[in-house]
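Starting from the structure of chain A, add chain B where the hints point.
If you read the protein sequences in the order shown, they are chains A and B. Its first residue numbered 1, the first sequence is counted upward by one per residue in this note's numbering. Its first residue numbered 1, the second sequence is counted upward by one per residue in this note's numbering.
Don't take every hint at face value.
One copy or two, it doesn't matter: identical chains are merged, so the pair holds either way.
[As the list claims (entries may be wrong)] Pairs of lysine to aspartate or glutamate, EDC-like flavour, derived with a Cα cap of 16 Å:
| hint | residue 1 | residue 2 |
| --- | --- | --- |
| 1 | K269 | D180 |
| 2 | K269 | E202 |
| 3 | K316 | E274 |
| 4 | K316 | E305 |
| 5 | K316 | D92 |
| 6 | K337 | D245 |
| 7 | K283 | E255 |
Since the hints were made in silico from the structure, they are not lab data.
Listed below are the residues making up each chain.
There are 2 protein chains.
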Amino acid sequence: MKDVFDYVDQHGPECVRELQAFLRQPSISAQGKGVAEAAKMVERMFSSLGAKVEVFRAEGAAPLVAAEIRGDGERALLFYNHYDVQPPEPLDRWEHEPFGAEIDGGRLYARGVADNKGDLVARIKAVEALLEVRGRLPVTVKFVAEGEEEIGSPGLDRYAKEHPEAFSADACIWETGGRDEEGRLELTLGCKGLCYAHIEVEGGSYDLHSSLAAVVPNPAWRLLWALNSLKNEKEEILIPGFYDDIRQPGPGEAELVESLPSSPERLAKSLGVERFVLGLAGKDALKRLCFEPTCNVCGLSAGYEGPGSKTVLPSKAMAKIDMRLVPDQRPDDIARKFEDHLRASGFDDLRVTWLGAEHPARTDPNARIVRVVRDAVVELYRKEPSLHPTSAGTGPMYQVAAQFGTPAVGIGIGNVASRVHGPDENVNVSDFLEGIKCMALVLERFAG
Amino acid sequence: MKDVFDYVDQHGPECVRELQAFLRQPSISAQGKGVAEAAKMVERMFSSLGAKVEVFRAEGAAPLVAAEIRGDGERALLFYNHYDVQPPEPLDRWEHEPFGAEIDGGRLYARGVADNKGDLVARIKAVEALLEVRGRLPVTVKFVAEGEEEIGSPGLDRYAKEHPEAFSADACIWETGGRDEEGRLELTLGCKGLCYAHIEVEGGSYDLHSSLAAVVPNPAWRLLWALNSLKNEKEEILIPGFYDDIRQPGPGEAELVESLPSSPERLAKSLGVERFVLGLAGKDALKRLCFEPTCNVCGLSAGYEGPGSKTVLPSKAMAKIDMRLVPDQRPDDIARKFEDHLRASGFDDLRVTWLGAEHPARTDPNARIVRVVRDAVVELYRKEPSLHPTSAGTGPMYQVAAQFGTPAVGIGIGNVASRVHGPDENVNVSDFLEGIKCMALVLERFAG
Numbered sequence: 001m002k003d004v005f006d007y008v009d010q011h012g013p014e015c016v017r018e019l020q021a022f023l024r025q026p027s028i029s030a031q032g033k034g035v036a037e038a039a040k041m042v043e044r045m046f047s048s049l050g051a052k053v054e055v056f057r058a059e060g061a062a063p064l065v066a067a068e069i070r071g072d073g074e075r076a077l078l079f080y081n082h083y084d085v086q087p088p089e090p091l092d093r094w095e096h097e098p099f100g101a102e103i104d105g106g107r108l109y110a111r112g113v114a115d116n117k118g119d120l121v122a123r124i125k126a127v128e129a130l131l132e133v134r135g136r137l138p139v140t141v142k143f144v145a146e147g148e149e150e151i152g153s154p155g156l157d158r159y160a161k162e163h164p165e166a167f168s169a170d171a172c173i174w175e176t177g178g179r180d181e182e183g184r185l186e187l188t189l190g191c192k193g194l195c196y197a198h199i200e201v202e203g204g205s206y207d208l209h210s211s212l213a214a215v216v217p218n219p220a221w222r223l224l225w226a227l228n229s230l231k232n233e234k235e236e237i238l239i240p241g242f243y244d245d246i247r248q249p250g251p252g253e254a255e256l257v258e259s260l261p262s263s264p265e266r267l268a269k270s271l272g273v274e275r276f277v278l279g280l281a282g283k284d285a286l287k288r289l290c291f292e293p294t295c296n297v298c299g300l301s302a303g304y305e306g307p308g309s310k311t312v313l314p315s316k317a318m319a320k321i322d323m324r325l326v327p328d329q330r331p332d333d334i335a336r337k338f339e340d341h342l343r344a345s346g347f348d349d350l351r352v353t354w355l356g357a358e359h360p361a362r363t364d365p366n367a368r369i370v371r372v373v374r375d376a377v378v379e380l381y382r383k384e385p386s387l388h389p390t391s392a393g394t395g396p397m398y399q400v401a402a403q404f405g406t407p408a409v410g411i412g413i414g415n416v417a418s419r420v421h422g423p424d425e426n427v428n429v430s431d432f433l434e435g436i437k438c439m440a441l442v443l444e445r446f447a448g
Numbered sequence: 001m002k003d004v005f006d007y008v009d010q011h012g013p014e015c016v017r018e019l020q021a022f023l024r025q026p027s028i029s030a031q032g033k034g035v036a037e038a039a040k041m042v043e044r045m046f047s048s049l050g051a052k053v054e055v056f057r058a059e060g061a062a063p064l065v066a067a068e069i070r071g072d073g074e075r076a077l078l079f080y081n082h083y084d085v086q087p088p089e090p091l092d093r094w095e096h097e098p099f100g101a102e103i104d105g106g107r108l109y110a111r112g113v114a115d116n117k118g119d120l121v122a123r124i125k126a127v128e129a130l131l132e133v134r135g136r137l138p139v140t141v142k143f144v145a146e147g148e149e150e151i152g153s154p155g156l157d158r159y160a161k162e163h164p165e166a167f168s169a170d171a172c173i174w175e176t177g178g179r180d181e182e183g184r185l186e187l188t189l190g191c192k193g194l195c196y197a198h199i200e201v202e203g204g205s206y207d208l209h210s211s212l213a214a215v216v217p218n219p220a221w222r223l224l225w226a227l228n229s230l231k232n233e234k235e236e237i238l239i240p241g242f243y244d245d246i247r248q249p250g251p252g253e254a255e256l257v258e259s260l261p262s263s264p265e266r267l268a269k270s271l272g273v274e275r276f277v278l279g280l281a282g283k284d285a286l287k288r289l290c291f292e293p294t295c296n297v298c299g300l301s302a303g304y305e306g307p308g309s310k311t312v313l314p315s316k317a318m319a320k321i322d323m324r325l326v327p328d329q330r331p332d333d334i335a336r337k338f339e340d341h342l343r344a345s346g347f348d349d350l351r352v353t354w355l356g357a358e359h360p361a362r363t364d365p366n367a368r369i370v371r372v373v374r375d376a377v378v379e380l381y382r383k384e385p386s387l388h389p390t391s392a393g394t395g396p397m398y399q400v401a402a403q404f405g406t407p408a409v410g411i412g413i414g415n416v417a418s419r420v421h422g423p424d425e426n427v428n429v430s431d432f433l434e435g436i437k438c439m440a441l442v443l444e445r446f447a448g
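This is chain A alone, in the form it adopts within the complex (with noise of 0.2 Å):
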């Protein structure tokens, strides 16, 4: 592969600077801000490799952009990608400009980069560099792009279902990825699933003078009293039956997280967080981790939030919770559990809209995807990765490639201080340069 590689090393600069355009272009699913014009440029991008693009496009979805190159052989190899991003929000915890792509230190400093654009470009440079050094691909590759996971993929399901030609492969590289603490490639083989409920309360026309708390019912203290009643501080989730469909770990995986290196306790520290909920320490909490389903506060509104004191009594409150599910956890299924458990517990005046469901999914790890990528991570970094089960994120495993029987693995170019989802997301341009060898390195190897 020396030939491949040193077109990488020649070419490096080129794909930074096409990296950093395409992160320039804010595409923010939440927002619905820059999505369309994003998804062009992975348009642009896919036919400048000769691939045979097609935009599918469904009301009220962003588009999916779907490539295929034929190559030899008859194995086809999936890559999943998403142009959308998180919020930049908030702004003022950002030290570089959330879309401004600037290189500081030898990161590259954006939203999104880590989380996927990066790996996106990474993937098509490295089909470039196959097909500029060699003429042709070792096998047929197709990529899909979605513009919506950010916002639990809406949409896919549909494409999915309507067009399962552009998904139908042999195996699939999932998303995205990254190094632990010492620098290790971590591999990934699953994705929690999701339910995200946005919850408010109403109350009064407007927002009351406090002294009338004595007797006009409070939307803040409705929400609080109803989200306790989801949760206790022994981090029990108090939904009745959320738990009943959860599928135990296999040995396989059970003993994939007890030979993982992961030093949760330098995550805790690099993250600025004291202690892990429970009490919990090393394998424990890389188990829970891996393992327990969540139910989290991503957001909470009511009232008064600015500086001093004002005695209102407000006249809305609002929550948002993500619950990420593990195998064989169903998000409609939970979602129904939840709305029941409100309501019987009295608490039918909140409203609960939901913005985002997915299956959890995970890949036998004994699928031959899993040691063809292994291989390729251990011959170009001379350092044996770690095989995670599952992401303790959320993906669209199960509508990409699970529901298909196409068993994926995740893997990418960020790191344990990339911040994913927050403020000064960034990686490392070495391992943006190093991921574009890699996944050329892993279609040549899985040509077999």
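Relative to chain A, chain B alone:
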């Protein structure tokens, strides 16, 4: 009093213009905006009466503007007012400019017009009318106008202790009041006390990816659980000892509530509220409003509060809580019990800052000033006022009056639709002009 009332009728437009100029000067104590400028305006208004004016200053406190005009006889009447206002937020809920002082359909709209700039100007104009028409006052008049009432009058107690002569009087006319749903004036004989807590919980050093929620403690959950431990769904405040020092209302006070004509149901409707807490109605709701302390959430904030979904684990969470106190609860004691309770419940990770403290106070319903004001109201408006043993709101009646043994009666120019502390705060222009006459009559009748 026809001569004085005629003067008011002739000079009405001029009085309104002077009030509008005062309203156009923001004076938001919670945000430190315009307070010094407003104090200057008050000083000028007092000086124009020919009063002996003193501006007391203390470090970190807004100036207290005091004035005295000697009158006939030995009696002295003190007017207590404040020149600061609540923050106008949320701005998008106003249909009129908060500091525009626009007149629309006979109503004058501005932050602070009902609470309390309209009353302060009405009283100044009453004194002016008596002086202009009669050349002298029937009693000595004192004014104290403070600039921090809306943030709990933190500097007032010190001013009162250092300058007791500015406060000493035979009776006090309290800052504010208004008409009930049937246009009947309400006189109030007391104020609730207050404890205002700003609470913060910190977590990671930035908003984290919510996939970490399985192991990283969420400050929003910590806050929710802590707040939940303060009050239950039966509206019972759970802070140990919170109710210990409550003095049962005297027979005179309880009877006042029984004789009140107010319809809490109509009040609820005007506020856009469907029901009261605990299903209370009629006199039971009124009694609770008068005699029960509160624990109210004024504001909540954490994580992502924008549109759509963002999956974060907030780095911090904030709540603002006010507790309205009744005699003989003491704010310092309640604050201590609040903190002790949080600590004892394991919430020592919450940082509590106290932004306000007030003692509760009540005037004896049999005090002479109560009869004088009631009689003046009947004489002017030909309608019996209603007598409330206390306002449900808070004011520094303890520091200004009760601690010196001065009986105080609240009366003012607002009405049930004045939206005190809310958007589109307003008064009827006619009530402002009648209020000038009423205050002149009270001064005349107080002379004996």
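Between copies, within a copy, both or neither: which fits K337 and D245 at Cα up to 16 Å? Within one copy only: 12 Å inside a chain, 44 Å across chains, cut-off 16 Å.
Tell me, please, which holds for K316 and D92 at an alpha-carbon limit of 16 Å: within, between, both or neither? between (26 Å within a copy, 14 Å between copies)
How would you classify K316 and E305 at a CA-CA limit of 16 Å: within, between, both, or neither? Both: 13 Å inside a copy, 13 Å across copies.
Give the relationship of K269 and E202 under a CA distance limit of 16 Å: within one copy only, between copies only, both, or neither. Between copies only: 15 Å across, 40 Å inside.
Please sort K283 with E255 into within, between, both or neither, judging by C-alpha distance up to 16 Å. within (11 Å within a copy, 67 Å between copies)
Is it within a copy, between copies, both, or neither that the alpha carbon of K316 lies no farther than 16 Å from that of E274? between (34 Å within a copy, 14 Å between copies)
Go through the copies and call it for K269 and D180: within, between, both or neither, with a Cα cutoff of 16 Å. within (13 Å within a copy, 59 Å between copies)
When the structure is compared with the earlier hints, no violation turns up for any of them.
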